[in-house]
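Q: Here's the letter readout for the chains.
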Amino acid sequence: MSKQSVHIALDLGSDTIKIAYAFNDGDEHTGKIVGDPLTMTAVPSVAYYDVDEQKWLFGDEVNSVGDKPFITVVKICDLLRLLQPAANTATQKSNRNYYFKKTRFPKFYFPQRVRLTDDMDEAVRMDRTFTAPQTPSEVCEMFFKYVHGVVENRLEKLLKKSNATAEITPSLVYPMFSDNAYINELKRLVTLAFDTKPQSVMSMAKALCAYAKYSGRMAKDDKSIIFNIGEERISLVKVTFSGSGISVDGVDGHNEPAPIGGKDIDDAVAQYIEGQMSGRETMGRPSSGQEGHLSESALNTKQYLFVKDIKSAKMVLGMPIYDSRAFRYGVPISASRDLLIQRTITREQFEKCVGITDNNGVARKIVNYITDELIRPINTDVKRIFITGGPVETYGLMKYIRRFIEPLGVKVCTFEKDDSEYVGVKNDGFNILGHEDALYAPSLGCAVASMCGMTIDMVLALTYGVRLFRVVGNGNNVIPFFRVLVNKGTRIPQSGATYYTPKDGDKGGITTGDDSEQSAAMHIMSTFYSAQDIEHSRKAPLITYARSGGENLLVVDTDNKTMLNKLQREIGLRVLNGSIDNMNNGSRAKYYYNGKRVRIIKEVYLQLGVEIDGDGYAKAYARNDKKRNGGEFTVIEYLGDSKYSGRETVQKREIDFAFNIETQLT
Amino acid sequence: MDENYKLTFTDTAFSADIQRSNLQYKKKFTKQVAEAQQSVEALDSHDDFHELLIDCSHYKRRKGKAEYGIGVDADIHGTGGSVILSHQQSAAEKFLRDLRGFGLLADVVGSGKTFEAGVILSELAVRGKMKSLIVVTPDQVLNSWVDVLENKFGMGKDVLYKVQKSDGEYPTLQDVLAAVGVSKQGKFIRPKRPIIVDVDIFAQWRYSPDFLVDVVVVDEAHHFSEDAGKYAGAMRMLSEMMQTKKRAGATYCLLLTATPHSGNLENMFRLWYFVRCKGGNPSDFDEKDDSERTTQYIEEKQYYKDTVCYGATNITDFIRRVKYSVVMERYLDELGSYLRETGKVSDFNDKSPYDRAQYIDDFLNAAKYGGKKVSTDKITGLTVTLKDDVLKRISDAYHNGVLRSIMIRQPNKLSKRKSVHNYFFYPMSSIPETVSITGLNEKKVTVDFSHVAEGGQPVVKVGSEELSLIDYVKNLRGNLSVEQAYSHVLNSILNKLAASDPQTKSIHTKSGYITYYADRLRNTHGAVAKQTYFLPVLQSESVKDSKFQTAVRILKQHKDKRVLVFFDYNLGKSERIYDEVCDALLRDPELKDRIIVGDDAADVHAVEREFNSEKRSDAILIVKDAKYTEGANLQESSIIINYQVTYDPLAMDQRIGRIFRLGQKNDVTVYSLADMSKLEGFALAYFAEIGLLSGNTGDATILAGSNSDQMVALRCNACGRVVLMSKEAYDEKRKKKDALVCRAETQCIDAYGNGTEMCEITVYDFKCDSCGTVLTRSVSDGYMCFSNVENGERGRMCNSGEKGDRSIYCRKICAISHCKRFNKGGHMYGKCPALKRFKDVSNVSDVELMRICAMCDNEDCWDKCKIAGLPKEQIIGEAGEGGRCSDCDYAGCSPKPYALEFNDKWEADCPMPGCSTRRNHGKLRPVVARTFATFISELWKFDHDGGEGFCQNLGEQAEIVTDVRRILERDDGEKE
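Protein chains in written order, with our numbering: chain A, 15 to 680; chain B, 17 to 992.
Since the hints were made in silico from the structure, they are not lab data.
Certain hints may be false.
[Said to hold, decoys possible] Below, a list of computed lysine to any residue pairs in the SDA-like style, where the Cα atoms sit at most 25 Å apart: (1) K751(B) - K69(A); (2) K69(A) - K957(B); (3) K159(A) - R231(A); (4) K521(B) - R110(A).
[Said to hold, decoys possible] A short list of chain B residues far from chain A (calculated; beta carbon distances all over 10 Å): (5) T311; (6) A514; (7) E591; (8) K836.
All of these numbers come straight from a predicted model, not from anything done at the bench.
Positions of the beta carbon are idealized from the N, C-alpha and C atoms, including for glycine.
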């Protein structure tokens, strides 16, 4: 029996984990891995803690819970989310502690009336968690082992015909804006479950590009934006397809990810169904409107089943099979009350509740997000956008989006194949079907990239810089200006890169001293202008430039609100750290020595910069410029009881800077 | 009349004893009074009913000659014999003399009301007042009546003309009169033969104004209180008959029931009205609003409600109101002192009368006040405390005021007794050899568990002496009652055991369980407490084994007796153990030949016959199906083992009712085995406290119903907690802000800001008024399909959710799962992927099933059986569409998947095969029933609070019912 090397890519989503495979045995084979081919589109990424049996069930096993309450259903994604950056360091640390060391899990809630808090401590305090004997980290390990079991089992079936066994090479897609801790944990979980390190680990953006290339969807020199509509938010990435490969612009787009996604569509459907049921007859009680009528509301412990129905209905409505006799009256959604209330939802009703009919609601929010991005000057070269993610399959949504976007001269595409491509395709449980292809685009792209050894380069979409000062004229005139750290269009190495403070001639912001307890206000900023634009062009005539030392300086006066508004509008200038307001402490770095707040008596050099990871995600920072501070000494005073005292001489390079960077994109 | 003799109606009005004492001590016994008394006695001698004509000692068990009516016949009545018991004689005397042959005969269960009726009928016959007779009775007891009247009271074989259903056909009154012949007297037509008729048929008769029957007997007359359904129709028919009877001056009518109400006093009104108004106005018994009824009806109802029932609608509320009234009228000074002393005066004044009840209870329970001597009992010489006096007055108001105003109901004096043995198994992960506890009289003693493993009992070592737990309690209790002492000891032992067992929390999940058990035992009647056994068992060996050993020991101990073994039939498949137990018993050489199996397949009557046959006098009937718990005559046995205790009090009562009934020759013994960590343990302790199994009050239905009737179930939709409260308490709380807000968990607070308002949930069951089929709801899962109940695969009933749609139907996939084509032997067996998915995943969604179905290539599957399409249409379809499950020959369910079309009164035609095919089929009607059972099972499931709420709530309910029990038990009888 021969060994077939099969490339598997895992794309962990909020509700399901999409697993695609690719292998080449002379011909290229691609497809999906699911548990039950008849019922599933992807493997549910949920775990259920059976309190009675004190054991965990995973994925499809959760369906066998029977009539037990579903309050202990947890999403694997929600557990891993504990590793994502949090509002502050303390919360982040605490969340990670919960992930690795504690045995608390968030309870299942629907609808979103009771939202999960980002702070696990708070969730525990508010009794929104339950306890099980394992840690979230252990449960994730168990889940990935379960996934491995599903993969092995299914591949055995797949390869039975060719009398081969599978040698699995796993790969991994991670969501945009993921923290290293999150990615590393995903890698660890996959390594543990599959007993081998993931070969390709790529962001959703790169994976989508890989899919675009593989599926031949993009023409040479095409500039496109891919909008990814996930379960919880919508985000975007700008892509250029050159002859030699694909360049993906940094993901830190000017339009922040918005909290609109598949969940909002679920909510809209849920509200629609609940609204229709409010006047229903309750057994043994007078009718609605009469005295004594009861409108029995939902029991939270059964809501998981309701959500599942909504998700299934949403998917079915987008299927070509919809018109067959199975769903000719609409798609059923059941709600648990004193009776099982069997409602059906038709395409027309669905369009109504999602807001397509009345041009409002969730659909409208999605269109607004896309429109806002496309009308920015930076995107005038974009003639085509791709929309991907589960909600693409939502019936009527694409048509609705096209109605608004295509008049802008932009073609709206998806990664879906034409329905005609599915004619005659038999569902063998491995084929990616017409209503699933948008869902599988990232994982399939990743699997194919792994199979082909494809790499995708990242090019920055934005220019990053810092606001500095230059003394001009007789020395009385100080110009605040924007100094570029890294230009847009710069190719980012796969491992990422760091860009920091500038030429020696620039003053202000980078040094500090003489009795100060914090630095002067300073800002790290981004713009879609390049250094070349600043130097050579006056594309935006309303913007102020100054000439100094033979250099064209872009004036950024943070006290001048009018100017700032202009800059924001004309060149998309945004502040990544602190506040744009000079008076705000958030724009000033504070000094620490051995973890204690100090005051600096002698000047110390400070380095400002951006760290950009392999996916183009930029993070502003402020740190000691150790090279320039060398072996020099400074004098510090400790802050104790609100007073500085205890003067000490220490090495300049040992001074730490804490810079409040709260407004960065997350 | 001299004003001195004027009686006023106060709370004492119903106590003959008090009235007499008023006369005796306050009014002078004058010459005029003596003369009046003589005149009364002289008048009595002219009363035809002032004494019985037939000497009751002359009735004996002999067959008599066939003749019309029950006449005096030397052969029948002869001399000697003790067929008629003294209480039966006295009931007959009172019925004739006091009620003048018209009213309710309501002695308790098993007192032999049929015999009382026999005596009354004999007396009417010898007076020539019974030229015609009709007995209206439920079908299941019709033959027993025939036997009693024809054989035991000498009516003669085949004299009664039996009117029963035949092939679903209902004979009309005209059919019957044609068959028996009529005699005409003036404008009246009397049937020539006495008639006994099934109540179902009687309810369908159309009244003829000339039709006269001198004497009417109605058995199980409490059903006639129902304001809708077939019994409402029967009541109308009866009322019509009474109009003719009144015209003819023959008003004799015997209404028999042991349970005039089931805790709901409001429901008894129709009977009350019928009796009070000699049949009332026939139109008042139609189904309509009260506003459309006669003034007489409306006024009587007002009087009944406000004066007789003190404004209460149920027995618990009645007790509360009378208690309040008695205390306020008679002991206001004492109450005032108590409130001042405890600083509760302003609290009390601020409260509504409803909320003051708790203060009154606290006042009565305060030793200084409730225990205060207020008089001495003239007969026993015992001290009467203030609390005793209050309870006695409540009891009088109930027994003499409510009940005896329309009925003959004597204090229960059943000759047979019940002996109740309760075994509580306490599972542990390890049992210590001994524990040291602070026992009675604060003395340290050692409890030795070393013999428990071999099936022995715990032993208490007192010095060198070794005593069983109960002997220790009995011997060393000092001033404490057995119950108090046992409660104390059990509390100490449980605390020690719990502390010694590291697994306690995982085994006994309801926090507060120790206090719960101790409290229940403290209030349990001493006789039952003395036969309470506490047995720690190793969980590894399982309670199951210990129960089995105990049951075997009991069965062998009663080696020559018939024994009934019952289980809990409400449990899911996984917990049903009767097959396992039966198989194990069949493997025991000593027992195997004694076993008879009563399962769903067996014919109940055949099993009854075999069990009661003389050659099977040592039979053990393993009851595997709930149908044996109702209606089966198994009184040849006097021993019951409740191998599992069900939480439904009515179901438990039904079990006991199999043997504790007329015809029982022996004292009855009831063994109950329960696991203390499970619901059955808590239920058994509760039943023990309220005296459900042991009580000889004959009012088990009232006890069982006291927690059910007029109750409202509320549920927190955030945390799922269920709370039960009386409707009145609910109405009170609704008026107050926040009173119904659940804050049991933080999630309840978060969900809506400041807690989740608990919502009323429907707890209606729907019962067929003909075949008794019940459509039941569970609080979390709703209404379950009643098709194929026995196989445990019950689907949920569905509805479209459209406004105004009152049709509910069986879920399509559930119907297909019962389809013969898909079951073993069917040609589609194993071929339906949707069915497979449903069997694997019971909560699979319809959309998923439809997808599977749509993707399935199986061409053998009929289009009409596809899951595709709206489930309702596929089951019941549109008229003329055909091919729907409810018409399909392959549908293996019984009844077939069916839509129940409820009308505006929430009534639907019963779909059960026996009912639906009949010309006058039964109707499913809403009943508020099993609420309590639903409540405790739901309460049990809620464990977010560690079970604390369960123990507390159930404890509170037990105390409420215990109050009722005390009142029921206090019946001293009518004072003359």
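Q: Hint by hint, note whether the structure agrees.
A: Here's how the hints hold up against the structure:
no. : hint              : result
1   : K751(B) - K69(A)  : 45 Å, violated
2   : K69(A) - K957(B)  : 19 Å, holds
3   : K159(A) - R231(A) : 35 Å, violated
4   : K521(B) - R110(A) : 30 Å, violated
5   : T311              : 26 Å, holds
6   : A514              : 21 Å, holds
7   : E591              : 12 Å, holds
8   : K836              : 24 Å, holds
In this structure, the earlier hints numbered 1, 3, 4 are contradicted, and the remaining ones agree with it.
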